[in-house]
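Construct the entire structure; sequences and hints are all you get.
Next come the chains, spelled out residue by residue.
2 protein chains.
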Amino acid sequence: MQLNTIYEPVREDLVKVEQWLKSESRVDFLWLSMLLSHSMEGGGKQIRPALTLLCGKFYKYDIERLLPMAVATEVMHLATLVHDDAIDKSSVRHGRPTVNKLWGTERAVLLGDYMFAEAGYLTTTTKNLRATQIFTTTLKTISTGELNQSFSAFNIEQTRENYLQRISYKTASLFAMASEAGATLSDAPEEAIQLLREYGHNMGIAFQIVDDILDFIGTEEEMGKPIGSDLSQGTLTLPSMLLLERQPEDNPIRELFQGHNVRENIKRAIELVRNSNIVDECYAYATEYCDKARQQLQTLPEGRTKKSLEDLTVFVVSRKR
Amino acid sequence: MQLNTIYEPVREDLVKVEQWLKSESRVDFLWLSMLLSHSMEGGGKQIRPALTLLCGKFYKYDIERLLPMAVATEVMHLATLVHDDAIDKSSVRHGRPTVNKLWGTERAVLLGDYMFAEAGYLTTTTKNLRATQIFTTTLKTISTGELNQSFSAFNIEQTRENYLQRISYKTASLFAMASEAGATLSDAPEEAIQLLREYGHNMGIAFQIVDDILDFIGTEEEMGKPIGSDLSQGTLTLPSMLLLERQPEDNPIRELFQGHNVRENIKRAIELVRNSNIVDECYAYATEYCDKARQQLQTLPEGRTKKSLEDLTVFVVSRKR
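Top to bottom, those sequences are chains A and B.
To get our numbering, take the position in the first sequence, counting from 1, and add 45.
To get our numbering, take the position in the second sequence, counting from 1, and add 45.
Please note that the accuracy of each hint is not assured.
Remember, identical chains collapse to one label, so a pair may be satisfied in a single copy or spanning two.
What the hints assert, rightly or not - Within a straight-line C-alpha distance of at most 27 Å, the following computed BS3-like cross-link-like pairs (lysine-lysine) qualify: (1) Lys-146 to Lys-67; (2) Lys-134 to Lys-146; (3) Lys-105 to Lys-172; (4) Lys-270 to Lys-105; (5) Lys-90 to Lys-146; (6) Lys-352 to Lys-312; (7) Lys-312 to Lys-134; (8) Lys-61 to Lys-352; (9) Lys-105 to Lys-61; (10) Lys-312 to Lys-105.
Don't read these hints as lab results, they were simulated from the structure.
Laid out in structure tokens, this is it:
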């Protein structure tokens, strides 16, 4: 399942999103322009702006309002990455040096603030108060999720519910926002807005579970960043939890979280997960959420857009990066 | 000039602002509540929310809209402090340990993000799009000013124009926002909105110049943080610039910015400034901006509110912390 094919109904407008992101760096200060172009032109999957545009395609497709919202969604996402990398002291993202690596933590924090503000401003240009409210509420939710992750780092005593809540806050909320905002700005009926929001939420959960799997089974080249980074940050994800459940004694994660032989224990944990059926079980989990996402679409108008949103649920679990 | 007297026309509503700030910490997670109450209840001068309320008092004083905006202004200010302290690695603010000191840089960055989002959300509850646009534009401006400061750190070749531009971005923009938003939300005529915005802008410049003076002549007890912190961050402020102009040779700031004998050179710079008429000259500079601020008020309706805004310009230069 190719993203190009899935994005077909909104392909032209996704190109406009990309152009907009590039034009963001036309600002007064050379250094700001440099920081913005570095962080805005990473060339990600654009899954979030695609969600906004696709979810805006069922009813009145008003590109004047949808375009700034789609851009806002991506800018917000990129801003969270800039802050994440700064606080995790990550040096590589999408195969490129991070902002904090190139210009230091201080500039990364301030650039992220600038980008959040820019994203917020873009939502106001839709002249739809609800769009801005969804945006600000979501940023609160994401920050809460990230804080939750920080406060539970290196804590071995976590339940799957803790995990699901955390990824719901830190990842699924943005997918839900992208979808809800797209539907809202196309004057969809309230029922459709809620269904598409729920679709986005479930997609976001599945997306994050797959992200967490890929941190065990991906390659550094595919991922564009080191493997095992969650464990090195002390973040317990679904694969780690399953490994802890299955092997409560002599578990490398337990030792790692106690600060022993960090590198070796990460390597061992990755090997144990790869050589078990944990990966399959995690994928089954992700697939469940994709199924739930697809179910939300049942009553929505048939057509190319619906097909794309359905196919996107397949892409999310099949992706390699 | 006592702040209590100046705030008299809006005193009751300023109490509501404070209550609101305290109630912000009623959230789902105990750790979030803990972080919020620590950062929201520092008990500052509340000069920014006071500006919003006072500037909203000339025309239709609609507390339903002004209150959330006043709170947003203060929350935004507090969020910038949380981020500033995190990136400057400051350990004390208002005589209390900073968020980053107590809980680490990571949590401080994420808490600041949460607070920005909360402030943005509050502006949307005014249901006035312009208020939210002023807010987001201002946050971009502040971040640009802070980035500017970061990129010009330890650079001895700076003009007064550079300095004024920087403090206009990082400080005066928020004062201008507080005033403009207050006027806007009270349905003031556009001309009055612009005058009050200009009032706020000039007040903000004066306020920052005085802040920069106090970093040389204040005491650690009065300021609630170490003296000379600008110099130790490599930030060139007006007093430093004047010292460099007057004593181009054998200047402690020049040596300090080259990384030599940091502590000793800061101490020497402070002494040299204190024992010169640089402080007077800086105060004269600040007073000029206060005069400009006062001039903006001329055509506005006479009364208690106008008197308060006039008195506030006097307070800003006379304050000791």
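These are the hints, each one checked on the structure:
In this assembly of identical chains, Lys-146 and Lys-67 lie within 27 Å of each other by CA distance solely inside one copy; the values are 21 Å within and 37 Å between copies. Taking identical chains as interchangeable, the C-alpha atoms of Lys-134 and Lys-146 lie at most 27 Å apart whether they share a chain (8 Å) or sit on different chains (18 Å). Both within a single protomer and between protomers do Lys-105 and Lys-172 lie at most 27 Å apart by alpha-carbon distance, with minima of 16 Å and 24 Å respectively. Taking the closest pair of Cα atoms, Lys-270 and Lys-105 never come within 27 Å of each other, the shortest separation being 40 Å inside a single copy and 56 Å across copies.
In this assembly of identical chains, Lys-90 and Lys-146 lie within 27 Å of each other by CA distance solely inside one copy; the values are 23 Å within and 37 Å between copies. When the C-alpha separation of Lys-352 and Lys-312 is checked against a cutoff of 27 Å, the pair qualifies neither within a copy, at 40 Å, nor between copies, at 70 Å. In the homo-oligomer, the alpha carbons of Lys-312 and Lys-134 lie at most 27 Å apart inside one protomer (20 Å), although the nearest pairing across protomers, at 34 Å, exceeds that limit. In this assembly of identical chains, the alpha carbons of Lys-61 and Lys-352 lie at most 27 Å apart only when taken from the same copy (22 Å versus 52 Å across copies).
Taking identical chains as interchangeable, the C-alpha atoms of Lys-105 and Lys-61 lie at most 27 Å apart only when both belong to the same chain, with a minimum of 19 Å there against 43 Å between chains. In this assembly of identical chains, Lys-312 and Lys-105 lie within 27 Å of each other by CA distance neither inside one copy nor across copies; the values are 51 Å within and 66 Å between.
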